[in-house]
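There are 2 protein chains.
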Amino acid sequence: MIESVNNELIKKYAKLQQKKYRMQEGLFIVEGEHLVDEACKREIVVDIFATYEYPEAKLVSDNVMKKLSGLDSPAHVLAVCKMLSEREIKGNILALDGIQDPGNLGTIIRSAVAFGVDTIVASSDTVDLYNQKTIRASEGMLFQINYLKRDLYAFLSDVHDTYKIYTTDVVDGCNIKEIMCQNPYVIVMGNEGNGVSEMVASLADERFHIPMSDKCESLNVAIATAIILYQFFN
Amino acid sequence: MIESVNNELIKKYAKLQQKKYRMQEGLFIVEGEHLVDEACKREIVVDIFATYEYPEAKLVSDNVMKKLSGLDSPAHVLAVCKMLSEREIKGNILALDGIQDPGNLGTIIRSAVAFGVDTIVASSDTVDLYNQKTIRASEGMLFQINYLKRDLYAFLSDVHDTYKIYTTDVVDGCNIKEIMCQNPYVIVMGNEGNGVSEMVASLADERFHIPMSDKCESLNVAIATAIILYQFFN
Chain A
1243 MIESVNNELI KKYAKLQQKK YRMQEGLFIV EGEHLVDEAC KREIVVDIFA
1293 TYEYPEAKLV SDNVMKKLSG LDSPAHVLAV CKMLSEREIK GNILALDGIQ
1343 DPGNLGTIIR SAVAFGVDTI VASSDTVDLY NQKTIRASEG MLFQINYLKR
1393 DLYAFLSDVH DTYKIYTTDV VDGCNIKEIM CQNPYVIVMG NEGNGVSEMV
1443 ASLADERFHI PMSDKCESLN VAIATAIILY QFFN
Chain B
1243 MIESVNNELI KKYAKLQQKK YRMQEGLFIV EGEHLVDEAC KREIVVDIFA
1293 TYEYPEAKLV SDNVMKKLSG LDSPAHVLAV CKMLSEREIK GNILALDGIQ
1343 DPGNLGTIIR SAVAFGVDTI VASSDTVDLY NQKTIRASEG MLFQINYLKR
1393 DLYAFLSDVH DTYKIYTTDV VDGCNIKEIM CQNPYVIVMG NEGNGVSEMV
1443 ASLADERFHI PMSDKCESLN VAIATAIILY QFFN
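Sequence order for the protein chains is A and B. Basically the working numbering = 1-based index in the first sequence + 1242. Basically the working numbering = 1-based index in the second sequence + 1242.
Take the hints with a grain of salt, since some may be wrong.
The list makes no distinction among identical chains, and a pair is therefore deemed to hold if it is satisfied within one copy or across any two copies.
[To be verified] Straight-line alpha carbon distances no greater than 30 angstroms define the calculated DSS-like cross-link-like pairs of lysine-lysine that follow:
1) Lys1457 with Lys1324
2) Lys1253 with Lys1300
3) Lys1261 with Lys1308
4) Lys1262 with Lys1406
5) Lys1406 with Lys1308
6) Lys1262 with Lys1375
7) Lys1283 with Lys1262
8) Lys1300 with Lys1332
9) Lys1332 with Lys1406
10) Lys1457 with Lys1406
11) Lys1391 with Lys1457
12) Lys1257 with Lys1375
13) Lys1309 with Lys1457
14) Lys1308 with Lys1375
15) Lys1300 with Lys1391
16) Lys1406 with Lys1254
17) Lys1257 with Lys1283
18) Lys1309 with Lys1419
Just so you know, the hints here were simulated from the structure itself, not pulled from any lab data.
Required output: the full structure, derived from the provided sequences and hints.
This is the structure in structure tokens:
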């Protein structure tokens, strides 16, 4: 059993709570049985730590688990994983232009899988996929999606001939309930405060808005994204 | 300027971070100019505190603001408010059966206002409306909704003759895209882990599910609620 928080391996892995070290090592941590199981299925697990008997796990004390975990109440098992590799794109795409909140990103990933998105393409200023809050909010669905980081303008320019590109426009967009969705699509969703950047929006073939009461100014971006994906899902 | 965190008024209001004291005093705190403005419009403000010149505000030091605030990075202005009073029900109702996450509750309130819900009826075990995370996620929309806490079974029994009651059922429910919505409605949404309790669900007139990919087991409850309200909104 590893009982010392000064163990070299523990000290190294504890640093993975910071994005900088995740990038440097190409590793990230998932916590809890469900996520550890999903990671094992994907064959990306490098090391497992648990406070009780768990297959293939190194046994650690509660204190060591607390050191490794990013959570106030650490799970009893966690896995150190290799970052997910990119797959070939073969289906509908959701493009994210600067999402900042890790909970929003995780919830968006969960909804994207639910409504048939194959690939998420995130701008370079989007919050980190491997943030603990993102991973938790995704409920394990980050293992089901093809996730790329790209310059969005360049990416959309490249796929413009083969994909129909949709985005939101609360002022001039048509009612989303009245448009026909064409597959394969790219749907571009913007930042929480500022929406889609102008340059990126200029590449859209069609713009829509979600009809709603004038009592409410806007929807949460994870909510708006889910509604659009739901509407386009057959 | 109030500079001492031991000032009696500051000590009293700082306790409002805890639900127990909010209930006892019938008071809660909102932070940031936008929410303070909205609270002023509703005429529920008892006291305003700010670290700069602000209409009607008591000037306080940064330290005092930190003591009053529930946030890691406190806003520069906050208001102590009287809890919102109940209005008469006159429209569509969203019933919440034991929502536990304050962010989910706030996001649900925002979507409910967006999609024409007049009244939210929450079971007694639903997370507190006046939790700072709920208030923030609602983006000020908590001031736009009629919010009641009730025993849901008793409430739904009472309104059963005048309202059509809908709920979710992922196993036997029909496809939500195929049902006609009847106004006024009550839509009952359940707890994050366990869904709607059996007794409450037994009062529903119609059950539906949201069609989705079999790669994903379930949606976040705030997402599912928004999609249903969107589908029912004309």
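For each hint, the structure was consulted:
no., hint, verdict
1, Lys1457 with Lys1324, "between (46 angstroms within a copy, 22 angstroms between copies)"
2, Lys1253 with Lys1300, "within (15 angstroms within a copy, 47 angstroms between copies)"
3, Lys1261 with Lys1308, "both (18 angstroms within a copy, 28 angstroms between copies)"
4, Lys1262 with Lys1406, "neither (36 angstroms within a copy, 53 angstroms between copies)"
5, Lys1406 with Lys1308, "neither (47 angstroms within a copy, 49 angstroms between copies)"
6, Lys1262 with Lys1375, "both (16 angstroms within a copy, 28 angstroms between copies)"
7, Lys1283 with Lys1262, "within (27 angstroms within a copy, 45 angstroms between copies)"
8, Lys1300 with Lys1332, "neither (38 angstroms within a copy, 59 angstroms between copies)"
9, Lys1332 with Lys1406, "within (14 angstroms within a copy, 43 angstroms between copies)"
10, Lys1457 with Lys1406, "between (32 angstroms within a copy, 24 angstroms between copies)"
11, Lys1391 with Lys1457, "between (36 angstroms within a copy, 23 angstroms between copies)"
12, Lys1257 with Lys1375, "both (16 angstroms within a copy, 28 angstroms between copies)"
13, Lys1309 with Lys1457, "neither (46 angstroms within a copy, 33 angstroms between copies)"
14, Lys1308 with Lys1375, "both (16 angstroms within a copy, 25 angstroms between copies)"
15, Lys1300 with Lys1391, "neither (33 angstroms within a copy, 47 angstroms between copies)"
16, Lys1406 with Lys1254, "neither (45 angstroms within a copy, 58 angstroms between copies)"
17, Lys1257 with Lys1283, "within (25 angstroms within a copy, 47 angstroms between copies)"
18, Lys1309 with Lys1419, "neither (49 angstroms within a copy, 48 angstroms between copies)"
Violated hints for the displayed structure, listed by number in ascending order: 4, 5, 8, 13, 15, 16 and 18.
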